[in-house]
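Undergrad: Below, each chain spelled out in residue letters.
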Amino acid sequence: MTHSTTDWDALAHRARWQRQARTAAITLFLVAVSIPIILPYFWMVMIAFTARTGGAEADTLWTACAVLVPITIGYAVAYQMLSGRARLAAAGLALALAIALLFVFLGDALHVNNFRFLVNPNVVEELRGKATAGAQFPWVWSAFFNSLVLATVQMLIVVAVSTMAAYYLSRFHFMGRAAFLQSLLILQAFPAITLVIPIFLIVYWVGLLNTLTAPILVITTLELPFFIFIMKGFFDAVPWDTEMSALTDGATRRQAFRMVVLPQVTTGMIAIGVFAFIKGWEEYVFVTGLRTGNSYWVMSTYLYYVREDVMGVDYGLVAAVSVMYVLPSLILYLFAQKYLTQMTLGGVKG
Amino acid sequence: MAEIELRNLSKAWDASVAVDGIDLTLADGEFAAILGPSGCGKSTTLFMLSGVYTPTGGEIRFDGAVVNDVEPRDRNVGIVFQSYALYPNMSVLQNILFPLRFKQVDDADKRAREMAELVQITPLLDRRPSQLSGGQQQRVALARALVKRPNLLLLDEPLSNLDATLRLTMRAEIRRIVTELGVTTILVTHDQLEATTMADRVICMNAGRIEQTGSAEDLYLRPDTLFVAGFIGSPPMNLLAVDPSAAGLRLDVDGPVTLGLRPELLRAAETGVPATVSHVEPMGRETLYTAQSELGQVRFLEPTARPNWAFGDMLKLAFDPADTLLFAPDGQRVPDAHATWKDLAHA
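Residue numbers (the numbering used here), protein chains in the order written: chain A, 5 to 354; chain B, 2 to 348.
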């Protein structure tokens, strides 16, 4: 047998080098493709704080990007390398640095005048004149409140109904169970917008047109199948043993559900709650589709009509409203992130 | 604590019969084990006893009263699962207290702590189940099942998830705790060691029926059926379809029979049935051999760690014919029937 002449060190060196190169290439690619997604958000915020007399200065935007993009990438790198409290500190530092640099480079351009709609109920009338707006345009807080009611009520219904339905589907064998599960998925295949006209007719006949109740019920109904399916995965993951154990320990079926099963699916309930809330918060199709006049305003319709102006769009105002519109769901995402990432764990078990 | 009686108990699902008419009586305070392969109906029986499943036929009696339609929560039965089934959202103490929440108990906390003391988990009371080892979770599950002073304790494969050493300690521990409390107990297991070491009486089940009930010794030395003969004992009994005329044996019964002989009752000797070693398995304390003989393929054990024989060795296997068991074609053992040598040369 001949001695091997393999140069193991060279092979190891090459493998290490290739691994590093691959990681670097993937990271670069991901950063590159995320820029077109993240930039609009940067711009939205920058326009909201800098635009005057209806226009935004391109110089300002590019300067802002030059400041914010490196800081964001720097933070992303720091996030990977740090953990726990250090991450929080890094976030604070990045934020402070961003604000400080923006002030240094764009000090004169920054202002909060675009946010005057928050305190001035008549901002749109002032912009367009009473004649065009017809004094019908609401104060933003009324739209905000309506959106909040819509999203919250619809979230509560979704969480309650899908939790109970999913428990039943997961634990009980009844006639047509398989067919029911399949039809849940088929329902998801129809684009909701194709249903606008029939739903409009139904809502009209039952006399709910121009009420906030109509979009709440319609959105809930359309979302339920998907959320039931997700919740069923969570219930399937709860071992049957613990439930049987609770029954022999003296609990009724209902007590076993409440005291033993439900605490094990709270993650799922929070996750679908967040998604349902955001769905309701961003809903546009059915809130515009199910009203014939200006009977109720929500944030999405408010944003749409702020944009409509005979004299050209006030981008500063639109951007400022957008910032306000995005904030609640963004905050919700940040707090619920932990639960949302677990959703797939429960969900895939179907 | 109660006397438990099953009369012609059955459970059928849509297409299949899980439990097929079993009769069984357990004295108050008795520790019995239901032993059988998976799918034999032992767990179904257990769930019928706990009340989770409703029987489709027959009766379950606790102290003489029929409890077929009594809800699980009203039966006062404690159960320990293979997975322990602890409530992950509660602390150890809350787990043990859980069964007492549904009863009017004044000294619940005291009772839970006493029970924790008995199963030796007092230092762990504030922990979550996820922070405990398998053995500790086992103890918590036992405490939770026993804290309400149940009529009947059910153990569903309680040791299967433990490693071998821990299993040995927990076997003795469970036996000690149960004996101390004097609670009627049914252990369900597929592990014959578990059944024979822990229980006073072993009930061997197969295909929804009880094959044999008796002490560990009864089942090992005097199996009633071919199934029990083949299931009890490791390595299993040699079960040989013998043609009496060919093998030099005279049988006490006529017709085709199966001859049963434990591997440890065969030994290499000067005279006997010629055989060729085809497989050698050192098992630590002893060595197991497989050999091809005139009687068919047989296994025999020798109590030496180092193998005395190697593949291909020719030897002669002797045994005491009085040790042989004979089984009729229907699988039943023919009582008091044995084989004898035709000529004394073999003996």
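Keep in mind that the hints were calculated from the coordinates and are not lab data. None of these values were measured; they are calculated from a predicted model. Any given hint might turn out to be false.
[Stated by the list, open to error] Just the calculated beta-carbon pair ranges, DEER-fashion:
1. B/Glu72 to A/Lys342: 54 to 62 angstroms
2. A/Arg262 to B/Glu115: 26 to 34 angstroms
3. A/Tyr45 to B/Arg102: 17 to 25 angstroms
4. A/Tyr172 to B/Glu115: 14 to 22 angstroms
5. B/Val71 to A/Thr198: 51 to 59 angstroms
6. B/Val71 to A/Lys342: 55 to 63 angstroms
7. A/His177 to B/Glu72: 53 to 61 angstroms
8. B/Asn162 to A/Lys342: 27 to 35 angstroms
9. A/Val289 to B/Val71: 37 to 45 angstroms
10. A/Asp245 to B/Arg102: 15 to 23 angstroms
11. B/Arg102 to A/Ala164: 20 to 28 angstroms
12. B/Gly30 to A/Asp245: 52 to 60 angstroms
[Claimed, not checked] Subject to a maximum C-alpha distance of 20 angstroms in a straight line, what follows is the list of computed SDA-like cross-link-like pairs (lysine to any residue):
13. B/Lys104 to A/Arg262
14. B/Lys104 to A/Phe261
15. B/Lys104 to A/Met263
16. A/Lys342 to B/Gly273
17. B/Lys104 to B/Arg129
18. B/Lys104 to A/Arg258
19. B/Lys111 to B/Gly59
20. B/Lys343 to B/Gly285
[To be verified] Over 10 angstroms on every C-beta distance to chain B, these chain A residues come out as not near it, computed from the model:
21. Asp13
22. Val49
23. Pro195
24. Trp209
25. Val210
26. Thr225
27. Phe261
28. Met263
29. Val264
Every residue gets a Cβ at the ideal spot worked out from N, C-alpha and C, and that includes glycine.
Undergrad: None of the hints should be skipped; say for each whether it holds.
TA: Okay, the hints, checked on the actual structure:
{"no.": "1", "hint": "B/Glu72 to A/Lys342: 54 to 62 angstroms", "verdict": "violated (39 angstroms)"}
{"no.": "2", "hint": "A/Arg262 to B/Glu115: 26 to 34 angstroms", "verdict": "holds (28 angstroms)"}
{"no.": "3", "hint": "A/Tyr45 to B/Arg102: 17 to 25 angstroms", "verdict": "violated (51 angstroms)"}
{"no.": "4", "hint": "A/Tyr172 to B/Glu115: 14 to 22 angstroms", "verdict": "violated (40 angstroms)"}
{"no.": "5", "hint": "B/Val71 to A/Thr198: 51 to 59 angstroms", "verdict": "holds (54 angstroms)"}
{"no.": "6", "hint": "B/Val71 to A/Lys342: 55 to 63 angstroms", "verdict": "violated (44 angstroms)"}
{"no.": "7", "hint": "A/His177 to B/Glu72: 53 to 61 angstroms", "verdict": "violated (20 angstroms)"}
{"no.": "8", "hint": "B/Asn162 to A/Lys342: 27 to 35 angstroms", "verdict": "holds (29 angstroms)"}
{"no.": "9", "hint": "A/Val289 to B/Val71: 37 to 45 angstroms", "verdict": "violated (54 angstroms)"}
{"no.": "10", "hint": "A/Asp245 to B/Arg102: 15 to 23 angstroms", "verdict": "holds (19 angstroms)"}
{"no.": "11", "hint": "B/Arg102 to A/Ala164: 20 to 28 angstroms", "verdict": "holds (25 angstroms)"}
{"no.": "12", "hint": "B/Gly30 to A/Asp245: 52 to 60 angstroms", "verdict": "violated (27 angstroms)"}
{"no.": "13", "hint": "B/Lys104 to A/Arg262", "verdict": "holds (18 angstroms)"}
{"no.": "14", "hint": "B/Lys104 to A/Phe261", "verdict": "holds (18 angstroms)"}
{"no.": "15", "hint": "B/Lys104 to A/Met263", "verdict": "holds (16 angstroms)"}
{"no.": "16", "hint": "A/Lys342 to B/Gly273", "verdict": "violated (73 angstroms)"}
{"no.": "17", "hint": "B/Lys104 to B/Arg129", "verdict": "violated (24 angstroms)"}
{"no.": "18", "hint": "B/Lys104 to A/Arg258", "verdict": "holds (17 angstroms)"}
{"no.": "19", "hint": "B/Lys111 to B/Gly59", "verdict": "violated (40 angstroms)"}
{"no.": "20", "hint": "B/Lys343 to B/Gly285", "verdict": "violated (37 angstroms)"}
{"no.": "21", "hint": "Asp13", "verdict": "holds (42 angstroms)"}
{"no.": "22", "hint": "Val49", "verdict": "holds (41 angstroms)"}
{"no.": "23", "hint": "Pro195", "verdict": "holds (40 angstroms)"}
{"no.": "24", "hint": "Trp209", "verdict": "holds (44 angstroms)"}
{"no.": "25", "hint": "Val210", "verdict": "holds (42 angstroms)"}
{"no.": "26", "hint": "Thr225", "verdict": "holds (32 angstroms)"}
{"no.": "27", "hint": "Phe261", "verdict": "holds (13 angstroms)"}
{"no.": "28", "hint": "Met263", "verdict": "violated (8 angstroms)"}
{"no.": "29", "hint": "Val264", "verdict": "violated (5 angstroms)"}
Comparing the model with each earlier hint shows violations of hints 1, 3, 4, 6, 7, 9, 12, 16, 17, 19, 20, 28, 29; every other hint is respected.
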